[in-house]
Amino acid sequence: MRTRARIVEVTLSLLETRRLRELRVAEIARAAEISTASFYVYFDDVIDVVLAALQEVGKIPDEILSLAAGPWAAKDAFARSEALVKAYIRYWDGHRTLFRVRNLAAEEGDTRFAVAREQSARPLLDALAQQLGDGEYGLPFGVQAAATAGVLVAMLERLAAIAHVYAEFPPDEMVRSAAFLIASAMTAGRAAP
1 MRTRARIVEV TLSLLETRRL RELRVAEIAR AAEISTASFY VYFDDVIDVV
51 LAALQEVGKI PDEILSLAAG PWAAKDAFAR SEALVKAYIR YWDGHRTLFR
101 VRNLAAEEGD TRFAVAREQS ARPLLDALAQ QLGDGEYGLP FGVQAAATAG
151 VLVAMLERLA AIAHVYAEFP PDEMVRSAAF LIASAMTAGR AAP
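Under full-length UniProt numbering, residues 1 to 193 are what the sequence shown spells out, in order.
Restraint ranges, calculated between C-beta atoms of paired labels, are given here:
(1) A52 with V143: 36 to 44 angstroms
(2) E63 with T111: 27 to 35 angstroms
(3) D45 with A83: 33 to 41 angstroms
(4) V41 with A73: 49 to 57 angstroms
No lab work stands behind these hints: they were computed from the structure.
Here a beta-carbon is modelled for each residue, glycine too, at the ideal position from N, C-alpha and C.
Between the sequences and the hints, there should be enough to build the whole structure, so can you do that?
Shown next, in the form of structure tokens:
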């Protein structure tokens with residue numbers, strides 16, 4: 001298994017400076033100090049390596065799911081939302097290159113990456129939708145819980161991807177703004193500061 005892990009590690013390292021479609025098996029094998037034949041013992045191609053890496057790290061951590069699940073009280077909704085946003089950004093930051101590659105490939109139409117992205121987001125989306133639908137506050141205007149959860153997860157993912165990019169919007173303020181929006185949604189606008 002060390003060889004397999006080394007192939008994944010080298011591939012992710014190369015993806016920090018290269019595009020997925022530019023990488024070649026020979027380049028990965030050379031960097032991993034193995035033969036291309038050894039590469040093919042473990043993986044069919046470069047995309048197979050990335051999908052395998054996503055299987056390993058694509059699962060939303062329990063810390064994040066536990067923050068999303070369970071009843072939301074207005075008095076602690078903002079603090080809970082802020083913890084959720086910060087935990088999600090830490091998770092994203094730990095796998096930034098891999099998630100960037102996944103999302104770009106999914107947006108370019110590669111269904112394998114779109115499925116990996118959806119499978120990764122699904123537990124968080126379901127946890128939020130459950131609370132939005134079952135919560136004591138209810139959603140106004142006939143807004144659907146699953147659609148609202150989808151918007152919140154999309155916001156989290158995008159914020160995690162860009163939080164460190166825009167100098168005019170300090171990351172801490174973006175976190176607080178996202179926390180406000182989540183707390184407002186989860187408590188139908190009754191969250192206390």
